[in-house]
Amino acid sequence: MFRIPCPYCGPRDATEFRHQGESRNRPDPRTVTRGQWRAYLYEKDNVAGWTRENWYHGVGCRRFISVERNTVTNETRPAAAAAGAVDPVLPGAEAGAPDADSTRR
Amino acid sequence: MTARYSALSLLSRGLRGRNWPLVWRRHELAPTYDAVIIGAGVHGLAAAYYLAVNHGIRNVAVLDRSYLGGGGSGRNTAIIRSNYLTPEGVRFYDRSVKLYETLASELNFNVMFSQRGHLTLAHNDSSLRTMRWRAEVNKLQGVDSEVIGPDEIKSLVPYMDVSAQTRYPILGALYHPPGGIIRHDAVNWGYARGADARGVQIHEYTEVVGIDVEEGRVRGVQTSRGHISTPVVLNCTAGWSSLVSRLAGVRLPISTHPLQAAVTEPVKVFLNTVVVSGTLHVYVSQTDRGELVFGASTDPYPSYSTRGSLEFTEELAGHVLELMPSIAALRVLRQWAGLCDMTPDFSPIMGETPVEGFLVDVGWGTYGFKAGPVAGEAMAELVATGKTPDLISSFPLSRFADGRLVGEKGAAAVGH
Ligand SMILES: Cc1cc2nc3c(=O)[nH]c(=O)nc-3n(C[C@H](O)[C@H](O)[C@H](O)COP(=O)(O)OP(=O)(O)OC[C@H]3O[C@@H](n4cnc5c(N)ncnc54)[C@H](O)[C@@H]3O)c2cc1C
Ligand SMILES: [Zn+2]
Numbered sequence: 001m002f003r004i005p006c007p008y009c010g011p012r013d014a015t016e017f018r019h020q021g022e023s024r025n026r027p028d029p030r031t032v033t034r035g036q037w038r039a040y041l042y043e044k045d046n047v048a049g050w051t052r053e054n055w056y057h058g059v060g061c062r063r064f065i066s067v068e069r070n071t072v073t074n075e076t077r078p079a080a081a082a083a084g085a086v087d088p089v090l091p092g093a094e095a096g097a098p099d100a101d102s103t104r105r
Numbered sequence: 001m002t003a004r005y006s007a008l009s010l011l012s013r014g015l016r017g018r019n020w021p022l023v024w025r026r027h028e029l030a031p032t033y034d035a036v037i038i039g040a041g042v043h044g045l046a047a048a049y050y051l052a053v054n055h056g057i058r059n060v061a062v063l064d065r066s067y068l069g070g071g072g073s074g075r076n077t078a079i080i081r082s083n084y085l086t087p088e089g090v091r092f093y094d095r096s097v098k099l100y101e102t103l104a105s106e107l108n109f110n111v112m113f114s115q116r117g118h119l120t121l122a123h124n125d126s127s128l129r130t131m132r133w134r135a136e137v138n139k140l141q142g143v144d145s146e147v148i149g150p151d152e153i154k155s156l157v158p159y160m161d162v163s164a165q166t167r168y169p170i171l172g173a174l175y176h177p178p179g180g181i182i183r184h185d186a187v188n189w190g191y192a193r194g195a196d197a198r199g200v201q202i203h204e205y206t207e208v209v210g211i212d213v214e215e216g217r218v219r220g221v222q223t224s225r226g227h228i229s230t231p232v233v234l235n236c237t238a239g240w241s242s243l244v245s246r247l248a249g250v251r252l253p254i255s256t257h258p259l260q261a262a263v264t265e266p267v268k269v270f271l272n273t274v275v276v277s278g279t280l281h282v283y284v285s286q287t288d289r290g291e292l293v294f295g296a297s298t299d300p301y302p303s304y305s306t307r308g309s310l311e312f313t314e315e316l317a318g319h320v321l322e323l324m325p326s327i328a329a330l331r332v333l334r335q336w337a338g339l340c341d342m343t344p345d346f347s348p349i350m351g352e353t354p355v356e357g358f359l360v361d362v363g364w365g366t367y368g369f370k371a372g373p374v375a376g377e378a379m380a381e382l383v384a385t386g387k388t389p390d391l392i393s394s395f396p397l398s399r400f401a402d403g404r405l406v407g408e409k410g411a412a413a414v415g416h
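Residue numbers (our numbering), protein chains in the order written: chain A, 1 to 105; chain B, 1 to 416.
Only chain A is shown next, with the shape it has when bound in the complex (with noise of 0.2 Å):
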């Protein structure tokens, strides 16, 4: 297996995450054609190399988490931290980057 390096807790066994998909802006649902939500929903990028992604560290902070992982050899880093920010992960809630979000601790 490989580890993941949660911004919370430091590298972590990728065991005890789950994978949450690629990280990519969900488009806004107001304005959206279907075609799009539909794209949005079910198209991957499915790249061989490096992508950024979002796991949920349940045995650990049970916080969603962006980092970026090379599909190819499964290394790991932290994501860039401009790089954007995570899914929503409730309708409504606030984007934010790993940092924003400790801050609102």
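In short, the hints are calculated from the structure, not lab data. Take these hints with a grain of salt, some might be off.
To be verified - Covered by chain B, per the in silico footprint, the following chain A stretches (three or more residues, Cβ under 8 Å): (1) 13–25; (2) 44–57.
Stated by the list, open to error - Straight-line distance between alpha carbons at most 20 Å, and here's what the computed EDC-like set of lysine to aspartate or glutamate pairs gives: (3) B:Lys98 - B:Glu88; (4) A:Lys44 - B:Glu352; (5) A:Lys44 - B:Asp402; (6) B:Lys387 - B:Glu88; (7) B:Lys387 - B:Asp34.
Claimed, not checked - From the structure, some residues in chain B lie toward chain A, with a derived Cβ separation under 10 Å: (8) Trp240; (9) Thr256; (10) Pro300; (11) Ser305; (12) Arg307; (13) Gly403.
We put the CB at the ideal spot given by N, CA and C, even for glycine.
Got chain A; can you put chain B with the ligands on it based on the hints?
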């Protein structure tokens, strides 16, 4: 050219020692083909074979970046069955089982199809209900499939613990007598040999690195060995299919997940059916050589890595021993992984794409080996006639944009 295999030719060549003809030949890459198939797994090879045999289209190249059958088609656990949940799924897989039943004589190649029966165990009321549902759908399509109870299970698999003392007691099973296992490599090689004999060119170690699209139409492919012009490109690259489709500008609803499997040391044959437990995430069969073959669910995150993991073996061993405590002393000999192209509805994607001439036969996930013959036959028909055969019309790429997913999850998720 291709020599016919027979008991006599085996014996005489065996005694003389050498001189077996190559099963498929090597060629220079030609500048043009009538069709190019990417991926020399069972899907690509079967499509090539049926293009040549059923439609007389022989100026065809099958390209693979690696060796023939090095993808999922050489790594799967070779379970064949047709007891799916949706009517369209059952019809489709049933046609494949029929083709498999006569494949050895059709190809003059022993594919060792052993229809030893397939058991899907139910450990709770809701899965028993699904089994009942599947059995009825199956029977309506003429597929032999029935729910049986613990006593009958015990008589089919004497080593199984069907007592009520286990953590997940076995309440019943879906029994599918025509299901079984096959020699997967022989299927790949047999199709390759049959296609080669009819003029199809198989090019191993030839990677597709670009696909030429002009005005929405395919014009050719660029490979590591040079350029090819062609009006038809068929993507049969399973775990790599998103990457190959993207070369043509087509995005797919596919995530690539590794699936692991393992075999034990060989022991005297004691298990005559295929046993699957969705609840325990495990399935097991015994090969003619006596090894137990185990599989489980996919790794829980997408990846293109085919490294095995200790978590897999640990979990597998625990679950298998719940079913058959008496095999605790058996040692695992080998463990491996292959890449599976998972779709959101556990159903394949076959047919046309927004790019004219660029066809896909992908999304085979953890269940696509059994579909090789029927998918090859149907895709060949589509290439030759330009019309999508009825048998695959429920599985177009457009169903995701149209919101018409198939919903085979009940039968395919851990189903094998
Ligand atoms: C462990 C395991 C167990 C399984 N068990 C079963 C089972 O019991 N029953 C069942 O029905 N199915 C099973 N499956 C699924 C089955 O193996 C696959 O669905 C099936 O083999 C897919 O066949 P294919 O021909 O589409 O692709 P593959 O056999 O994967 O072939 C794809 C080929 O494309 C080539 N390729 C990729 N990129 C390029 C490129 N750019 N250029 C040229 N070539 C390229 C690859 O080298 C590869 O050879 C299992 C899979 C695994 C991994
Ligand atoms: Zn954490």
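Okay, the hints, checked on the actual structure:
{"no.": "1", "hint": "13–25", "result": "holds (count 4)"}
{"no.": "2", "hint": "44–57", "result": "holds (count 4)"}
{"no.": "3", "hint": "B:Lys98 - B:Glu88", "result": "holds (16 Å)"}
{"no.": "4", "hint": "A:Lys44 - B:Glu352", "result": "holds (19 Å)"}
{"no.": "5", "hint": "A:Lys44 - B:Asp402", "result": "holds (17 Å)"}
{"no.": "6", "hint": "B:Lys387 - B:Glu88", "result": "holds (18 Å)"}
{"no.": "7", "hint": "B:Lys387 - B:Asp34", "result": "holds (17 Å)"}
{"no.": "8", "hint": "Trp240", "result": "holds (8 Å)"}
{"no.": "9", "hint": "Thr256", "result": "holds (6 Å)"}
{"no.": "10", "hint": "Pro300", "result": "holds (6 Å)"}
{"no.": "11", "hint": "Ser305", "result": "holds (5 Å)"}
{"no.": "12", "hint": "Arg307", "result": "holds (8 Å)"}
{"no.": "13", "hint": "Gly403", "result": "holds (6 Å)"}
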